[in-house]
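Just so you know, the protein sequences line up as chains X and H, in that order. Residue numbers for the first sequence follow numbering that gives the first Met the number 0, so the first one is 0 and each next one is one higher. Residue numbers for the second sequence follow numbering that gives the first Met the number 0, so the first one is 0 and each next one is one higher.
Honestly, the hints are just simulated from the structure, not real lab data. Please note that a few of the clues may not be correct.
Said to hold, decoys possible - 20 angstroms max Cα-Cα, derived SDA-like pairs, lysine to any residue:
| no. | chain 1 | residue 1 | chain 2 | residue 2 |
| --- | --- | --- | --- | --- |
| 1 | X | K156 | H | Y83 |
| 2 | X | K281 | X | E234 |
| 3 | H | K298 | X | T183 |
| 4 | X | K186 | H | I174 |
| 5 | H | K298 | X | T86 |
| 6 | H | K156 | X | G155 |
| 7 | H | K156 | X | E322 |
| 8 | H | K298 | X | Y89 |
| 9 | H | K186 | X | G187 |
| 10 | H | K298 | X | I98 |
| 11 | H | K186 | X | G177 |
| 12 | X | K156 | H | K136 |
As the list claims (entries may be wrong) - Just so you have them, the derived chain H footprint on chain X, three or more residues with Cβ under 8 angstroms:
| no. | region |
| --- | --- |
| 13 | 159-166 |
| 14 | 169-175 |
Here a beta-carbon is modelled for each residue, glycine too, at the ideal position from N, C-alpha and C.
The chain contents come next:
Protein chains: 2
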Amino acid sequence: MPKAKSGLEPLAIGIDIGGTGTKFGIVDRLGNLLFSSEMSTRKHKELEGFIDELHTNVMPLIEQAGGIGRMKGIGLGAPNGNYYTGTVEYAPNLPWKGILPLAKLVEDRFKLPVVLTNDANAAALGEMMYGAAQGMKDFIMITLGTGVGSGIVANGKLIYGHDGFAGELGHTIIIPDGRMHEGTGKKGSLESYASATGVRLTAIELLAKSKTPSILRKVPTAELDSKKVYDAAMEGDELAKEIFEYTGKILGMALANAVMFSSPEAIILFGGLTKAGDLILKPTREYMEANLIQVFQNKVKILVSHLKESDAAILGASALVWELK
Amino acid sequence: MPKAKSGLEPLAIGIDIGGTGTKFGIVDRLGNLLFSSEMSTRKHKELEGFIDELHTNVMPLIEQAGGIGRMKGIGLGAPNGNYYTGTVEYAPNLPWKGILPLAKLVEDRFKLPVVLTNDANAAALGEMMYGAAQGMKDFIMITLGTGVGSGIVANGKLIYGHDGFAGELGHTIIIPDGRMHEGTGKKGSLESYASATGVRLTAIELLAKSKTPSILRKVPTAELDSKKVYDAAMEGDELAKEIFEYTGKILGMALANAVMFSSPEAIILFGGLTKAGDLILKPTREYMEANLIQVFQNKVKILVSHLKESDAAILGASALVWELK
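Okay, chain X solo, but in the shape it has when bound (with noise of 0.2 angstroms):
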């Protein structure tokens, strides 16, 4: 493998793999995105192909950034990425079905070493390398966005658990019995709640059971989104900001079990749900305390990530790099 140039300082490059886009960028060690681009993941149904087409885009940054010998190494972050196996294996929205060799592929084109974790884990080695996590050692990442995805951070290493798959804090069972999961089939998980998607359902079962006059009432079911729940609530309106309330219950009852378990300095939150602000936080905070005996009472952060997000990705799967040998 080649190694960086002597007294060149050496950089990573960072690739997030999502459902819709692919985003890259050359990294320097302080989180400086020096180049970036994206590029369409539906486009290829062979993966091979989707693989050529990065390579394709990805070397120009590279020599933009002064050649392959400076490159470290690269870190790619995937949903359901085994960072033990170097495989993503039944990624539900990915077009690739089955295991996908992803590391090894990626390292066999680019001659270069390959790092894969999930973009949860992945993000948050970015916020210890770069972002709000700087220096700790005992923290939790949780995504919200369209689903709930966390990293957990334990004696300043990742968990990645005995099979690489540890950190699904969005499929943890916080209501028994409760609202079903399409895509798992279980019922009351965190993720069913505490997501774009959970508000949404929250926002069609309210308006289902109470009276409470609401602006989100003329919106046609099928464009009822976490963002026109937003609009709303910023607007003033009541029920809006009942369905925060209602989802920062479940959060925060979720992030005092959390805490109970792994006793972080803080728990960082990153995600379209966070725009929601105090809107979300507040509950989320409250409800964390209530449920939290008393020798976790009043000392674990809830920080919101700082990284912008759309560069915040590529920097998370980057900082998988600097862990290289």
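For chain X, the structure is supplied; the task is to place chain H on it using the hints.
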């Protein structure tokens, strides 16, 4: 500090301070308990008096085992013991109140290095060093006694958390707004169901709620305990079996959440309730699997500790010593 004499295998002293009794012994690297004894924890109102008596009682064992020069150090297990600070903080079941500098006091008295942690963490180390978790890097230890304790190992290390208090699975909320826990004032925690106390409360509830005939109906409420429920279940009592089924259901849900958190290779159960065997293990396994998403199913072992219950606390405490540099 004295070091082990060269040529002779070093030994560890394990001391487990419980609410009622304190057990101590000398242990070799293979987990053989060479000499052991015990004393009352409650006799001394002053901690100093307790430590004097402890020293008086432990010294003869040290002499029998080859003298202080062979001792690598002392491992202390105690409720609410903090690994980082060496203190026991506000332990409700100990006769001494406030923050106790236990490790320091024992170190000064014995002139040996001392490591302290809580009893469930010590139990986890004991299993890793001498028991069912040998060779495992990711597992969870759960003690099912009067209460529910836990010790979580990930990446080969105990998770202490940022403040030394991690691993309180017994206090995680499994049933929101569920049964009140008298000690914490919180509702629906694992401990309020899956402990000996919890089994008693479930028995009282089910006896009141159901009309199923049961030999437990003849037992005065004040005398109803998990042992009586066990005896009844072994005689085929349907209601008693239902009590264990319910206990296993709650425990299984909690274990599923723990698995999705840290993805352990195994969960090791220890303590009084495990004597109920399949009465509790079968529903526990069943409900754990039912609540796991696919990627975690059918790969996590639920094991029962095979360490002798009378020795396990000492072994666990002694295991701390081998981690000393």
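Does the structure break any of the earlier hints, and which numbers would those be?
none
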